[in-house]
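Protein chains: 2
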Amino acid sequence: MKAFSVLGTLIHAPVLGELEILPAALVEVDGSGDISAVHRSNSESHANLTAQARQEDALIELSDSQYLLPGMIDLHIHAPQWPQMGGALHLPLYDWLQQCTFPLEAKYADLEFADKVYSSLVETLIANGTTTALYFATIHLEPSKRLAEICVAKGQRGLVGKVAMDNPAECPDFYRDASTEQGLDDTRALINYIREMPGNESARVLPVVTPRFIPSCTDEMLKGLGEIAKETNCHVQTHCSESDWEHNYVIERHGTEDTNSLNNFGLLGNKTVLAHSNFISEADMQLIKQQGSGIAHCPLSNYYFSNAVFPARKALDQGLDVGLGTDISGGPNPSLLHNCNVAVTSSRALEEGVNPELPAEERGVPGSRINFKEAFWMATSGGGRALDLKIGQISEGYAMDAMVVDTAVSDSNLITWDESDDLENVLQKILYNADRNNITKVWVQGEQIK
Amino acid sequence: MKAFSVLGTLIHAPVLGELEILPAALVEVDGSGDISAVHRSNSESHANLTAQARQEDALIELSDSQYLLPGMIDLHIHAPQWPQMGGALHLPLYDWLQQCTFPLEAKYADLEFADKVYSSLVETLIANGTTTALYFATIHLEPSKRLAEICVAKGQRGLVGKVAMDNPAECPDFYRDASTEQGLDDTRALINYIREMPGNESARVLPVVTPRFIPSCTDEMLKGLGEIAKETNCHVQTHCSESDWEHNYVIERHGTEDTNSLNNFGLLGNKTVLAHSNFISEADMQLIKQQGSGIAHCPLSNYYFSNAVFPARKALDQGLDVGLGTDISGGPNPSLLHNCNVAVTSSRALEEGVNPELPAEERGVPGSRINFKEAFWMATSGGGRALDLKIGQISEGYAMDAMVVDTAVSDSNLITWDESDDLENVLQKILYNADRNNITKVWVQGEQIK
Chain A
0 MKAFSVLGTL
10 IHAPVLGELE
20 ILPAALVEVD
30 GSGDISAVHR
40 SNSESHANLT
50 AQARQEDALI
60 ELSDSQYLLP
70 GMIDLHIHAP
80 QWPQMGGALH
90 LPLYDWLQQC
100 TFPLEAKYAD
110 LEFADKVYSS
120 LVETLIANGT
130 TTALYFATIH
140 LEPSKRLAEI
150 CVAKGQRGLV
160 GKVAMDNPAE
170 CPDFYRDAST
180 EQGLDDTRAL
190 INYIREMPGN
200 ESARVLPVVT
210 PRFIPSCTDE
220 MLKGLGEIAK
230 ETNCHVQTHC
240 SESDWEHNYV
250 IERHGTEDTN
260 SLNNFGLLGN
270 KTVLAHSNFI
280 SEADMQLIKQ
290 QGSGIAHCPL
300 SNYYFSNAVF
310 PARKALDQGL
320 DVGLGTDISG
330 GPNPSLLHNC
340 NVAVTSSRAL
350 EEGVNPELPA
360 EERGVPGSRI
370 NFKEAFWMAT
380 SGGGRALDLK
390 IGQISEGYAM
400 DAMVVDTAVS
410 DSNLITWDES
420 DDLENVLQKI
430 LYNADRNNIT
440 KVWVQGEQIK
Chain B
0 MKAFSVLGTL
10 IHAPVLGELE
20 ILPAALVEVD
30 GSGDISAVHR
40 SNSESHANLT
50 AQARQEDALI
60 ELSDSQYLLP
70 GMIDLHIHAP
80 QWPQMGGALH
90 LPLYDWLQQC
100 TFPLEAKYAD
110 LEFADKVYSS
120 LVETLIANGT
130 TTALYFATIH
140 LEPSKRLAEI
150 CVAKGQRGLV
160 GKVAMDNPAE
170 CPDFYRDAST
180 EQGLDDTRAL
190 INYIREMPGN
200 ESARVLPVVT
210 PRFIPSCTDE
220 MLKGLGEIAK
230 ETNCHVQTHC
240 SESDWEHNYV
250 IERHGTEDTN
260 SLNNFGLLGN
270 KTVLAHSNFI
280 SEADMQLIKQ
290 QGSGIAHCPL
300 SNYYFSNAVF
310 PARKALDQGL
320 DVGLGTDISG
330 GPNPSLLHNC
340 NVAVTSSRAL
350 EEGVNPELPA
360 EERGVPGSRI
370 NFKEAFWMAT
380 SGGGRALDLK
390 IGQISEGYAM
400 DAMVVDTAVS
410 DSNLITWDES
420 DDLENVLQKI
430 LYNADRNNIT
440 KVWVQGEQIK
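Chains as they are written, first to last, in numbering that gives the first Met the number 0: chain A, 0 to 449; chain B, 0 to 449.
Hints in this document: simulated from the structure, not taken from any laboratory.
Treat the numbers as computed from the prediction; the structure is a model and nothing was measured.
Please note that a few of the clues may not be correct.
Pairs count within a copy or across copies, as identical chains cannot be separated in the list.
[Unchecked claim] Straight line, CA to CA, 20 Å or less: simulated EDC-like cross-link-like pairs of lysine to aspartate or glutamate:
#  : residue 1 : residue 2
1  : K449      : D410
2  : K440      : D410
3  : K1        : E27
4  : K313      : E356
5  : K106      : D421
6  : K449      : D405
7  : K115      : D410
8  : K1        : E60
9  : K153      : D114
10 : K115      : D420
11 : K106      : D417
12 : K153      : D410
13 : K106      : E418
14 : K115      : D417
15 : K106      : D420
16 : K372      : E17
17 : K1        : E446
Chain A extracted, bound-state conformation (with noise of 0.2 Å):
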């Protein structure tokens, strides 16, 4: 790949609660995709490289309407749901898995269907400006192949795990590993095979440990994939406290809650993340923070599945890696961006209440709001630390995962005003009304992929 520069107003939260806002910005990116150097617009060198890159047309200049922003990262997200994102939204957790979900994850055995639904889940997915998205796939080995295959053509940067599930009291016969050893070959199968996948040789795209939750996993499945994770060092993810049924599953089964079954399981480690995680206690957080793993919150889809909103502020003030997650189909939403938005106002009920029979003072939990720079934090800088990977910042030393917006494409509902907008205004309106349009390029390791 040939370096190149980009000459624009970058927008990015390296710290939780900040934003680093740079006009005229030179962000250097070397000839793998990192960026090399981000010169500010009063720095000395800023305008002989600028020069330079130009002379040698490697320079790409953002218009004023355009602003480079760090890529969106997905911490969440079920491949095999996307046709049904949008539909079935009316039942509680369980009985969504037994009579829509896992009917629907079944049909992936077809290579020919999962080849089309995954294609167009990652276009859309970059068509939003998700750069990096951590996928569940379905128990199937060649079709989750498949799926990181795509990932690799596309250009995304994908983290996708074959999802084991064995317990046959939880899961059906219909959609249920053949063997907790057929399930735990097949994740090392996985494994194996994106590690050595043509095309991944810079390790764009990584397998993933995936044990469904605890309740579709026998303890024999839940050791073994510990094993796997440990042996490969391998990312893990799985589904923690998401539902009052979920996590009073856990506490019948294994007398303690997710976090410390993972743990003792060895299933929670640096590179494991956590969904939904509502339910969890202060315990439960510091269990968390002391072995490294992150946590997706996944706002829209709390309110689908969960019977409750995930404590952000709590999290975040006990300094947790907080990333977001659309949940796809549980979050019926493949935007980023649009879950940001939900974070914010999900915190602001969980702050107020929602009831309002109830007396003010003793409708909510106060203090649990969050605002618009820690929601997009937690998409970008939040998610890149949950993974453990060098994402969700343009600086010095990160990959080139970014995308530029432009608050000025027609047919949109992002308007600016020159006259009362600063660019911290700029930022929150693109938050809460940038679509797709207004994504006009985004790039992966420095790949241009839309």
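Using the hints provided, position chain B relative to the given structure of chain A.
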């Protein structure tokens, strides 16, 4: 206007909780823009009438990916706050008004500024399928006229109110009616102007008596406005029981709640729309129903400014005419489709509760959820009923206020799957993921304005 017909799949919700889905329906629109007949595909005259319309070059044929839906009815929107949309969301209602909103609204004394902003707003709303909007303008007469003129010019069904606010204790010196009398005179003047306005012979644009809310008005003003409403048989709009502060303010000042107080001033009639109404009691609901007034539920702005979620399920179950409002800029999104989704999720938050530290049985208000069909009803039929206008359905005798949503446009997150999506699901997916690009045609009173 030349009569015409539309042939295509019609989806609307004349009855709360039900969808009427008519594939290949023939909708006949007469020369005044009203729907003269809707013929089902199996009706006797369907084939002949279709052939006849085609022969007369008066047939619009929708493709398989296009759906005919009623236009969206936005029951609550502050036109002057458009530049602020997506910003200024960090303060509680009282401070937000004083620090951000009143200073912005004061700027509309400048007619040129008003012209620029209002044109942008009305265009954006039309692009998003909003065929009818119930607008708060500002305290200024001429700029309020301008908003009405822009609605006429662009073809939107606009209901426009000059905001009345004369209470020196609650309104700043720089943004207040010069006197009670001036406020009343300007209200009358706007009513007369709109009713006589060139181009508005069909009364597509209507005037609205608009006390901002009780705190901002003296009793004399409220009394005078009630008299004007009665004399002129005009629509009325105001905020009702929006936040703890506002609700308690009225109880303290008038010894009763907003609903009763407004009724005492003659402001609660069958053409009244009450915005928010979060804290209304069951007795208030009964009074609102008895008077035939409507409610503008603004689910997105609830999170920022209302301290609670409006109990939509309860109000609908009591038979109230509830529609939806964006509440720009208290709600930072101009799309009523988006607000349909938020209406669903906020009702789920009310049902389930939000605080994971509470036991499940103490967390929420069971039975509070609404579903997407009910949200769609509110955005269309409910809005029409609240306004006492024949809009919101595609039925004989209703105005042809409608839109075409195309699920096959490129660069869209709205994706349907023939093998798994029935038409009910298609509508659900439209609500969740259609954006303005999917809205390919908009009619108001039979006039195509997009």
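Okay, the hints, checked on the actual structure:
no., hint, verdict
1, K449 x D410, "both (19 Å within a copy, 12 Å between copies)"
2, K440 x D410, "both (17 Å within a copy, 14 Å between copies)"
3, K1 x E27, "within (11 Å within a copy, 61 Å between copies)"
4, K313 x E356, "between (26 Å within a copy, 12 Å between copies)"
5, K106 x D421, "between (50 Å within a copy, 18 Å between copies)"
6, K449 x D405, "within (13 Å within a copy, 24 Å between copies)"
7, K115 x D410, "between (29 Å within a copy, 17 Å between copies)"
8, K1 x E60, "within (16 Å within a copy, 51 Å between copies)"
9, K153 x D114, "within (13 Å within a copy, 45 Å between copies)"
10, K115 x D420, "between (42 Å within a copy, 16 Å between copies)"
11, K106 x D417, "between (51 Å within a copy, 15 Å between copies)"
12, K153 x D410, "between (27 Å within a copy, 16 Å between copies)"
13, K106 x E418, "between (54 Å within a copy, 12 Å between copies)"
14, K115 x D417, "between (44 Å within a copy, 13 Å between copies)"
15, K106 x D420, "between (49 Å within a copy, 15 Å between copies)"
16, K372 x E17, "within (6 Å within a copy, 41 Å between copies)"
17, K1 x E446, "within (10 Å within a copy, 54 Å between copies)"
Hint compliance for this structure: every hint is met.
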